[in-house]
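Based on the hints, put chain B in the right spot on chain A.
There are 2 protein chains.
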Amino acid sequence: MKKSLGPQTMAYPLPAWCVGSYDREGKPNAATIAWGGICCSKPPCITISLQEIRYTYSNIMERQAFTVNIPSAEYAAAVDYFGTASGRNVDKFQESGLTPIASDLVDAPYIKEFPVVLECQVIHTYKIGIHTQFIGEILDVKVEEDRLGEDGKPDITKIDPMIYSTKARTYYRVGELIGKAYFIGRHI
Amino acid sequence: MKKSLGPQTMAYPLPAWCVGSYDREGKPNAATIAWGGICCSKPPCITISLQEIRYTYSNIMERQAFTVNIPSAEYAAAVDYFGTASGRNVDKFQESGLTPIASDLVDAPYIKEFPVVLECQVIHTYKIGIHTQFIGEILDVKVEEDRLGEDGKPDITKIDPMIYSTKARTYYRVGELIGKAYFIGRHI
Numbered sequence: 006m007k008k009s010l011g012p013q014t015m016a017y018p019l020p021a022w023c024v025g026s027y028d029r030e031g032k033p034n035a036a037t038i039a040w041g042g043i044c045c046s047k048p049p050c051i052t053i054s055l056q057e058i059r060y061t062y063s064n065i066m067e068r069q070a071f072t073v074n075i076p077s078a079e080y081a082a083a084v085d086y087f088g089t090a091s092g093r094n095v096d097k098f099q100e101s102g103l104t105p106i107a108s109d110l111v112d113a114p115y116i117k118e119f120p121v122v123l124e125c126q127v128i129h130t131y132k133i134g135i136h137t138q139f140i141g142e143i144l145d146v147k148v149e150e151d152r153l154g155e156d157g158k159p160d161i162t163k164i165d166p167m168i169y170s171t172k173a174r175t176y177y178r179v180g181e182l183i184g185k186a187y188f189i190g191r192h193i
Numbered sequence: 006m007k008k009s010l011g012p013q014t015m016a017y018p019l020p021a022w023c024v025g026s027y028d029r030e031g032k033p034n035a036a037t038i039a040w041g042g043i044c045c046s047k048p049p050c051i052t053i054s055l056q057e058i059r060y061t062y063s064n065i066m067e068r069q070a071f072t073v074n075i076p077s078a079e080y081a082a083a084v085d086y087f088g089t090a091s092g093r094n095v096d097k098f099q100e101s102g103l104t105p106i107a108s109d110l111v112d113a114p115y116i117k118e119f120p121v122v123l124e125c126q127v128i129h130t131y132k133i134g135i136h137t138q139f140i141g142e143i144l145d146v147k148v149e150e151d152r153l154g155e156d157g158k159p160d161i162t163k164i165d166p167m168i169y170s171t172k173a174r175t176y177y178r179v180g181e182l183i184g185k186a187y188f189i190g191r192h193i
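Residue numbers (my numbering), protein chains in the order written: chain A, 6 to 193; chain B, 6 to 193.
Chain A with its partners taken away, still in its complex shape (with noise of 0.2 angstroms):
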């Protein structure tokens, strides 16, 4: 029996994604984001949602580009710490001791410990309610060597993302593999 909640921001799995902006002065910052996700495959886009009163919400109205840096559960604590802090008041990079690289791509930093960087220039912005969505087209994916498998590819394994729970606001690991898609429902 299904019970009722209301309308609300609910639905699993959401990411723990970190997304990289620079200020007017060019001070780099990171901003932990739960509300995005892929929108287009051609181009490849992928989409953000930030309130207005976000610093990163500003730069990168200003800069027109922004990253998205996707963490491993080892940099939980900086990840949780982007989320909290803002920009405005603190250097998250100076004070989490990550290093921030300039992207020779778009008018963004990326973040060097991170395992995969995807580099992102605005080509929307919409606003809905009380957030605004960028869309940004995916200029250039950037992986750790170490992260990708045996194929070439990324091995999400070896990459080890966050998974983010709403309400309960807690943090999971991926976990065992279930099988392989486009196949597992060949037989229904």
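Note that these hints are calculated values from the structure, not bench results. Mixed in with the good hints, there may be bad ones.
Treat identical chains as interchangeable: a pair holds within one or across any two.
Said to hold, decoys possible - With a Cα cut of at most 20 angstroms, we get these calculated PhoX-like pairs of lysine-lysine:
#, residue 1, residue 2
1, K7, K172
2, K47, K117
3, K117, K7
4, K117, K8
5, K172, K32
6, K163, K8
7, K8, K132
8, K132, K47
9, K117, K132
10, K8, K158
11, K47, K172
12, K32, K7
13, K117, K32
Then chain B, alone, in the frame of chain A:
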């Protein structure tokens, strides 16, 4: 050292969600997607992206409503089937043995057996390249009572949702708890 993999759709984690819709004749359909995410807190909204070619695209354009059904790993074969077969050719509910329930809030069916459903009214559509984003306002979230924790909130470990690993084309379960959000970063 990071390796450049070029512009492509890659991010971790991605969801495996089944979108419920009715066609013109009222036949219920379910289609699996990985391109989507929460996009606004107020009003609570979720976005899903579909290509025009997909049967579900026409259904939602016509009815301006859809459901997002979050599966448990136990339904992985049906989820995979919903992502490969087309409602244009078959009755996917009939073939899979799952049960469509008419939402009483929106003009779309949801999947009885899945633990979580979001009932969504389309408030915007937005074309980006080959995909169209459907922004759905979440009018209600319904969760199976036995998937709630003792605090009355959905328990991600009981929901046991599926994670889609793109490129490798595999499904994973949620794994171990990393820690509490808004907490584990407090010492930075």
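Hint by hint, here is what the structure shows:
no.	hint	result
1	K7 to K172	within (18 angstroms within a copy, 34 angstroms between copies)
2	K47 to K117	neither (27 angstroms within a copy, 34 angstroms between copies)
3	K117 to K7	between (44 angstroms within a copy, 9 angstroms between copies)
4	K117 to K8	between (44 angstroms within a copy, 12 angstroms between copies)
5	K172 to K32	neither (32 angstroms within a copy, 34 angstroms between copies)
6	K163 to K8	between (37 angstroms within a copy, 15 angstroms between copies)
7	K8 to K132	neither (31 angstroms within a copy, 34 angstroms between copies)
8	K132 to K47	between (22 angstroms within a copy, 11 angstroms between copies)
9	K117 to K132	neither (31 angstroms within a copy, 33 angstroms between copies)
10	K8 to K158	between (41 angstroms within a copy, 11 angstroms between copies)
11	K47 to K172	between (33 angstroms within a copy, 15 angstroms between copies)
12	K32 to K7	neither (48 angstroms within a copy, 23 angstroms between copies)
13	K117 to K32	within (16 angstroms within a copy, 50 angstroms between copies)
Of the numbered hints given earlier, the model fails hints 2, 5, 7, 9, 12; all others are met.
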